[in-house]
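Given next are the chains, with one letter for each unit.
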Amino acid sequence: MATSSHIDRDLDLSNANRGVWLVKVPKYIANRWEKAPGDIEVGKLKISRTPGQKAQVSLTLSPAVLSLGKVGEEDIPKDHRLDVSIVTQQTLGVFSHMTPVSTDSVVPETEKLFMEGRIVQKLECRPYADNCYMKLKLESIRKASVPVRQVKQLDRIVQNYKPVSDHKNNIEYAERKKAEGKKARDDKDAVLEMLFAAFEKHQYYNIKDLVKITKQPIIYLKEILNEVCNYNSKNPHKNMWELKPEYRHYKEQQAEVKKEESDDE
Amino acid sequence: MAASTSASSSSQPTVQEYSIRVPKSLQKRYHVMRFNATLDVDISKWTQVKMERENNMKEFKGIDEDQPKFGAGSEFGREAREEARRKKLGIMQRKYKPDDQPWILKSYSSTVKKFKGIREGGVSENAAYYVFTHAADGAIEAFPLQEWYKFQPIQRYKALSAEEAEQEFSKRNKHLNFFSLMLRKRLKGDEDTELEDGEETKKNSGKKTKDLKISEMDEWMDTSEEDSSEGDEEKDEEEKKEKKKKAKKAANDKKKKSKRDTDLEAVEESDDGDGEGRELDYISDSSESEPEAANIAGVSEEKALRKLLTSDEDDSENDEHKSDKEQSNEEEEKDKNEEKADENKDKDKKKKKTKTKDKKETKKEKNDPNSDFSSDSSTDEDVKKQKMEKKAKKEEKDKESNSTNSSRSATPTDGKRKNIADILGGPSNKKQKLEPSLNYIPGLNESGITEDAVRKYLMRKPMTTTELLQKFKSKKTGLSSDQLVNIMTQILKKINPIKQTLKGKMYLSLKS
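Note that the protein sequences, when read in sequence, are chains E and X. Counting in UniProt numbering, the first sequence runs from 1 upward without gaps. Counting in UniProt numbering, the second sequence runs from 1 upward without gaps.
Just chain E, same shape as in the assembly (with noise of 0.2 Å):
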């Protein structure tokens, strides 16, 4: 998914040519829009026109969604009006993006892009400045202004960090080292195989992964890499080895290999 959104996809244009209203509201309708479920109504848009004057837009919360608040909460206003104003300056369009519900389904669903329409008028939803309204305001100025932190006196020392010696961690290594014993010496052409083995998916390993993937000790290890290997000593692939141009056979990025081994030396 990370990586399918980079692919260019049409946007369906099917409600382009659609008009539709861009409306703001305030947060604490959203708030209730957001909770209500979506087959319900949730409140009913009244346009009053009177021949001769500009149409008087309203706004009503329909009772189910007055009635969705907790307990502790504030009553919001019923009723609101709502200022129509074209759009000047710009263009606005909508644009919806689908994202995919479930991806474990057995056909794929990729994302889907929509058009929604462009916007023709701006409406903004305004309460009227009655004694519901006041109240709420009141409420929220009130908890706005309740500190966030307070002082608050302890009877005893809070200890949030112990001290451990010996970390559960540290414990399972040794134990598994000790498991495993002291690494002996294998036969040299094993250790080759693993090392060319090893070579062939990377070119270039530092010592330490080396005795990790080999199991050798670190001494008879290097032995066999002096006979194999070259060291570079210089970035770029500071203290890592590499077969000598004689082992190994690298298709791709063969020139390039070669020029970085002379910028090695």
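Be aware that one or more of the hints could be misleading.
[Unchecked claim] Calculated lysine-lysine pairs in the PhoX-like style (CA-CA distance at most 20 Å, straight line):
#, chain 1, residue 1, chain 2, residue 2
1, E, 112, X, 116
2, X, 106, E, 24
3, E, 44, X, 24
4, E, 112, X, 28
5, X, 493, E, 112
6, E, 112, X, 106
7, X, 45, X, 113
8, E, 27, X, 24
It is worth saying that the hints were derived from the structure and are not from the lab.
Knowing the structure of chain E, use the given hints to seat chain X on it.
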């Protein structure tokens, strides 16, 4: 729920009621795309639009991450080590989120328009935005808007930096100047256009016009081979002198000038290249104006000069009657001969010559007691050596030979001045002797035709021989066409250019 419309009497307002729903069905997120009105974007006219997230993976990862993960050139456990190193340094890397990248919008119509949509913050901080759309059943569906993206067109061209802009601006001036140059050309007429080669610089032509304007002093101008600034000074001097119309004084003046010239010439040899066209220009002029200059000099003085001239020519006494060019010709020929001989022989010869010269000189001294050129003979040998060295140097600088050649060729034509230079102990006179290159072609030096010049032309583009000759003819070499052809054939033989026949004409060309 459908909209219930209640219509009533005209006094009563008509009220339309819509119910609003907030569907929660899909994982659909709504965003706003914002275009500036000046961009003139009409969403309803879009036909095919593609959108994608901008891929900033490279920028995010950095430059060194392009190393191979396995195989040749890869390091074992590199990423883990890098991670460990970063942790040690306390760098916590944020994960790359492709969904946080800007949108790239491509609108296909007759042309492809590209926009980049960058997310804007702070819009929905204190208020929420919803988009209201009509549902199929007449109700209104409200969808919350999540993000605002500001779309701006992507520039396809690279903006110039300050320096680059400056450079381009100067180019613009150049172009304008070319126009004015053309205009000037037209006004001037043909005589100048003849001389103007393609490579002639603007500066050059500017100079030419200047020369033209001061028509009175043309003669003086032409004799002087100096830079324009010095020339101006001279001109002023000369103007006064001319008014007085005293030949002697003028001659003195010339002496002075020539003195400077000798100095200058030494300099000019080393510095070359830019003044190429200009010098050529001078040659042609000087050859023309020569007789005039001679006229100005008094008769007696002219005689003296003649004698001086002959003193330089060691072999033959009848040189006196030859024209300047021929003199130089012979000089060079003689030089050539000398080259063939060993150095020792050369010296011996010279000694002999000097002896003969001395004799001659003594003769002449009887005639012309005031001459100080006796010093000339004494310096002769030294100068010769110097010459040899210089010659070697010159051959190194073969590519510049065009310019050097031109300066070289200028000297002999200006016989009178050369003589004066001689009087003043003139090493410049000798210089002209040393000048012929090893592969010498008679008549080549004064003509301004060199192997290198020919090479240059041939390298530039294939040419027919006639075209090539035309190039040199236009330089007013002062040679007859027969001579020119002769020289050219010799040069071409030496160069041996690639010959190819196109449309029945043989084109010569060279590859560098």
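Against the structure, the hints come out as follows:
no., hint, in the structure
1, E:112 - X:116, "holds (19 Å)"
2, X:106 - E:24, "violated (29 Å)"
3, E:44 - X:24, "holds (18 Å)"
4, E:112 - X:28, "holds (9 Å)"
5, X:493 - E:112, "violated (77 Å)"
6, E:112 - X:106, "holds (16 Å)"
7, X:45 - X:113, "holds (13 Å)"
8, E:27 - X:24, "holds (18 Å)"
Going down the numbered hints, you'll see the structure goes against 2, 5, while the others check out.
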